[in-house]
Every structure is written in C-alpha cells, then in structure tokens.
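Engineer: What follows is the residue order along each chain.
There are 2 protein chains.
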Amino acid sequence: MIIKGKPIADKITEDLKNELKSLKKDRNPKLSIIRVGNNPDDISYEKNAIKRCENIGIECEVITLLDDISKKEYIDILDRLNNDNLVDGILCLRPLPKNINEDEIKYFISDKKDVDCFNPINMAKIIEGDRSGFSPCTPMSVIETLKYYDVDLNGADVCVVGRSNIVGKPCSMLLLNENATVTICHSKTKDLESITSKADILIVAVGKAKMIKSNFVKENSVVIDVGINFEDGILCGDVDTDDVLDKVSMITPVPFGVGSVTTSILAKQVIKAYKNNI
Amino acid sequence: MIIKGKPIADKITEDLKNELKSLKKDRNPKLSIIRVGNNPDDISYEKNAIKRCENIGIECEVITLLDDISKKEYIDILDRLNNDNLVDGILCLRPLPKNINEDEIKYFISDKKDVDCFNPINMAKIIEGDRSGFSPCTPMSVIETLKYYDVDLNGADVCVVGRSNIVGKPCSMLLLNENATVTICHSKTKDLESITSKADILIVAVGKAKMIKSNFVKENSVVIDVGINFEDGILCGDVDTDDVLDKVSMITPVPFGVGSVTTSILAKQVIKAYKNNI
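Quick note, the sequences are listed as chains F and E, same order.
Throughout the first sequence, residue numbering follows numbering that gives the first Met the number 0, covering 0 to 277 in sequence.
Throughout the second sequence, residue numbering follows numbering that gives the first Met the number 0, covering 0 to 277 in sequence.
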C-alpha cells in the first residue's frame with residue numbers, strides 16, 4: 000500500500016484550525032520567515048509554508064535578504080524578531096550562504112521561537128527526550144506519518160539509513176523517544192542490506208536515487224522514503240518504489256509522501272510557540 | 000581477555016602531564032567541583048577526581064553546599080565560577096537534590112567550562128558531531144577504552160543497551176561519530192538477546208546486575224560493561240563476566256574497567272578547557 004502525506008497534512012491542518020478557534024486570543028499567531036537570496040528550493044518551500052499557515056490562520060511575513068548580507072546584519076534581524084512579542088515563530092531558510100556561518104548563527108535564534116530546531120538547545124531537548132522544545136519538521140513528519148497510519152513504534156525494530164544532522168540523527172532520537180529499537184546506518188555501514196532487510200520499519204534519508212531495492216527490505220515491513228532526488232529530470236526518492244512495492248506492507252511515495260506533511264508540522268510548531276507566547 | 004581501565008588512565012595521565020609541560024603558562028589549570036550534601040558516591044568520585052587532577056598538575060577546589068540550598072544560590076555560585084578567569088572547568092556533582100531542578104540549572108553553567116557535559120549546548124554538539132565541546136566522562140571513557148585496545152569502530156556493528164541521557168544516548172552518538180553502525184536497545188526492546196548476540200561490540204549501561212549472560216553475546220565480540228550494581232553487597236556490572244568470558248575476545252571488568260578511566264577523561268577535558276581559556 001502506498002501511503003500518502005496529504006491526508007496527514009489535512010488532518011493536522013483541521014486539528015490546528017479547531018485548536019486555534021478554541022483559544023481565547025486578541026491576535027493571530029505569526030510566523031516570520033527569513034530567506035537569504037533567491038534559491039528556488041527555498042522559494043518553493045516558503046510558498047507552500049505560507050499557503051499552509053495562512054489557511055490555518057497563521058500570519059506570515061517573509062524577510063528577504065541579499066546574498067551578501069553579513070553575519071552581524073543577520074543576527075540583528077534575529078534579535079529584532081526574538082524581541083518582537085507579536086512574532087511567535089521564526090523560520091530561517093537553510094542552508095545559509097557561505098559567508099554566514101550557520102554554526103555561529105544558530106545560537107542567536109530564540110529557542111522559544113525556533114520552530115524548525117535550528118538552535119542547539121532544541122536539538123539537545125530531542126536527545127534528552129524533553130518534549131517542551133521544537134523538532135526539525137522533516138523527522139517529525141516521519142513520526143507523524145507512522146502514527147497516522149497506526150504503525151506501532153513501541154519496541155519495533157526500526158532502521159534509519161542516513162545520519163545527517165537535519166534528518167537521520169534527530170529522527171533516530173525521536174524514534175527512540177517513541178520506544179523503538181533503533182539502528183542507525185550510514186555510508187560506512189559494512190553490510191547495509193543485511194541490516195535493513197531485518198527492520199520492521201525502514202526510514203531512508205540518504206539522497207541517492209532509488210538505492211533501496213527489494214533485497215534491502217523485509218517482507219511486510221513499513222518503508223518511509225525521505226529522499227529527494229532527480230533522476231533523468233524526474234523527482235524520485237531513495238527507494239525504488241516499483242521494485243519494493245509488492246514486498247512491503249506500506250511505503251511512502253516521492254513526491255506526495257512525507258514531504259507533503261512538513262509544512263503542517265511547521266504550522267503545528269508555530270501554534271505550539273504561540274500558545275507558550277500568549 | 001579481561002581489559003582493565005588502569006593502563007588507559009595511566010596513559011592519558013602521562014600524555015596530559017607531557018602536554019601541560021609543553022604549554023607556555025603563567026598559571027596552573029583549575030577545576031572547581033560543586034557538591035551539594037554528603038552523598039558517599041559524590042565524595043568518593045570527588046576524592047578520585049582530585050587525586051587524578053592534582054597528579055597531573057590541575058588545581059582543584061571543592062565548593063560544598065548544604066542540602067537545602069536554593070536554586071538561586073546554586074546559580075549565583077555558577078555565575079561566579081563562570082566569570083572567574085582562573086577557573087577552567089566546573090564539575091557539578093549530580094544528581095542534585097530534588098529542591099533544585101537540574102533541567103533549569105543546566106543552562107547556567109558556561110558551556111566553555113562544562114567539563115562533564117551538563118549544559119545542553121554540549122549535548123547538542125555531541126549529536127551534531129561537533130568536537131569543540133565536552134562529552135560526558137563515562138561515554139567518553141567507553142570510546143577511549145575501545146581505541147586504546149585497538150578495537151576498530153569504523154563500520155563496526157555496535158549495540159548499546161540502555162538509553163539514559165548520561166550514558167546510553169550520548170555514547171550512541173559518540174560511536175556514530177566514530178563511524179560505527181549503532182543499534183540502541185532498551186527496556187522496550189522486544190528480543191534483546193537476538194540483537195545483542197549479533198553485535199561485534201556490545202556496550203551495556205542498564206543497571207541490572209549480571210543481566211547479560213553468554214547467550215546475549217556474539218562469539219569473539221568485545222564487551223564493555225558500564226553497569227555499577229551491588230549484588231549481595233558485592234560490586235558487579237551488568238554483565239555476568241564469568242559466564243561470557245570464554246566466548247568473547249575482550250571484556251571490561253567491574254570494578255577496574257571503564258569506571259577507572261572516568262577521572263582521567265575529566266582531567267583531559269579540564270586541560271581542553273584550560274587551553275581554550277589561556
């Protein structure tokens with residue numbers, strides 16, 4: 000069964016609309032997005048994020064900056080947004096240009112408004128299992144997808160392929176917080192196939208088009224494909240969906256899989272920040 | 000082969016003495032230890048830490064506080080030490096008494112002096128693979144033990160049993176940074192034996208006396224026992240050493256295993272802080 004992201008995003012959107020209605024409020028939630036330059040990926044994500052947020056009732060503003068902005072100017076903008084009581088969430092579209100060191104900038108976004116887990120304080124909360132912070136939106140989309148389709152994570156053998164700071168590592172920690180037994184594989188893993196083919200749930204976030212074939216998956220397992228690749232100009236994931244489809248019980252497609260959930264998770268975290276802020 | 004901690008601690012101690020000699024300096028490194036109350040475990044660790052540090056040439060001071068100290072008073076002491084240029088490292092003996100919430104206090108220790116990884120900024124650095132911070136001493140002792148005995152971590156299948164914030168989780172992330180393929184097991188893991196018995200390297204940090212018997216280990220594997228338990232008044236680890244000894248290639252004992260390495264790791268991190276501070 001191919002399990003799509005849209006129903007999850009719709010459900011989260013509906014829940015958030017209802018939650019927002021039930022809150023006593025004298026102002027709307029607000030998300031500030033900071034974009035440097037005109038990267039088409041950024042613009043596309045920004046457009047989708049704004050559409051989702053405005054549909055729910057979240058005000059959005061985009062602060063667009065030139066490519067050659069200095070670190071100080073960027074931090075000044077963060078400071079202003081941190082101190083603006085009407086701003087609930089801040090999204091720094093990344094990667095930032097090379098002249099701005101992300102590893103320095105990340106400490107300057109208020110952890111209370113950090114709706115995509117840029118600040119290390121929120122990363123630490125994930126590893127510590129402290130749910131008061133904000134998770135990065137993509138790993139959270141993976142968790143929400145599994146929950147929506149009633150996949151039991153408690154004690155499940157989950158294999159995560161990929162150990163990026165954005166997806167693989169935080170996703171592993173979130174799965175651990177859900178009581179899964181987690182194996183983290185990566186480029187240095189010796190016999191990847193023998194490990195992935197034993198997993199009840201396989202999560203792939205590597206960035207290699209269709210690398211996971213049917214011999215890599217367990218019979219009746221659940222496969223979550225986080226990859227975004229282009230092969231011959233066509234968007235595809237890290238999993239060869241056609242090849243594994245008959246073997247697995249559920250698989251997310253690319254496109255229309257977990258990627259479709261991300262902006263609703265973003266909106267959910269803006270509402271969380273808003274509730275803490277009002 | 001039973002592999003003991005003492006040679007590792009001796010080697011680290013010797014290296015640190017030499018390093019300290021080679022540094023141009025007009026003052027010695029200094030560690031400040033904050034102890035609340037008179038917990039015998041704290042006092043024992045403090046005594047060993049001071050002995051190790053002073054042997055290397057690190058000055059130590061102990062700030063002892065009454066059990067009923069307030070959060071504010073504790074933070075005031077941290078502030079003073081954070082701002083004292085002559086203090087390089089701060090060790091907060093934990094757990095703190097219940098009237099002081101560790102989850103609030105931890106943000107107040109300077110991450111630059113946080114030699115046992117109390118501040119979330121250092122925890123985040125571990126997950127992000129950023130080596131500029133400080134790791135908790137026990138997981139680092141595990142890594143140093145494996146390295147000292149030439150156990151190849153690159154691509155190795157490592158199983159960590161236990162997911163505490165102090166040992167299991169940071170240890171897993173440190174192993175991942177060393178390119179191991181890491182599986183994290185815990186109380187909710189369904190078939191523990193089938194997982195642990197496939198690991199090239201098994202690290203156990205659970206706190207259950209002698210729970211790991213020979214059926215839980217792989218032939219010729221390496222076993223690191225981080226447990227500290229008392230059974231019938233006798234100190235023992237999480238591994239039934241006698242039962243697994245003939246099956247494995249190396250195993251750390253309890254006592255005299257990784258626990259003996261911890262204070263040398265602490266000293267190493269004080270020297271690291273000192274080098275950043277002078």
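Where hints are given, some of them may not hold.
No distinction is drawn between identical chains; accordingly, a pair holds when it is met within one copy or between any pair of copies.
Restricting the straight-line Cα-Cα distance to at most 16 angstroms, the calculated cross-link-like pairs of lysine to aspartate or glutamate (EDC-like) are [claimed, not checked]:
1) K246 with D14
2) K207 with D129
3) K189 with D151
4) K97 with D129
5) K50 with D9
6) K71 with D190
7) K209 with E230
8) K70 with D129
9) K187 with E177
10) K274 with D245
11) K187 with E72
12) K3 with D67
13) K16 with D67
Everything labelled a hint here was simulated from the structure, so no lab data went into it.
Engineer: Hint by hint, note whether the structure agrees.
Structural biologist: Consistency of the hints with the structure:
no.	hint	verdict
1	K246 with D14	neither (34 angstroms within a copy, 55 angstroms between copies)
2	K207 with D129	neither (32 angstroms within a copy, 25 angstroms between copies)
3	K189 with D151	between (28 angstroms within a copy, 13 angstroms between copies)
4	K97 with D129	neither (32 angstroms within a copy, 18 angstroms between copies)
5	K50 with D9	within (13 angstroms within a copy, 62 angstroms between copies)
6	K71 with D190	neither (46 angstroms within a copy, 53 angstroms between copies)
7	K209 with E230	within (9 angstroms within a copy, 53 angstroms between copies)
8	K70 with D129	neither (30 angstroms within a copy, 21 angstroms between copies)
9	K187 with E177	between (26 angstroms within a copy, 10 angstroms between copies)
10	K274 with D245	neither (44 angstroms within a copy, 58 angstroms between copies)
11	K187 with E72	neither (39 angstroms within a copy, 48 angstroms between copies)
12	K3 with D67	neither (39 angstroms within a copy, 55 angstroms between copies)
13	K16 with D67	neither (39 angstroms within a copy, 47 angstroms between copies)
The structure shown violates the earlier hints numbered 1, 2, 4, 6, 8, 10, 11, 12, 13.
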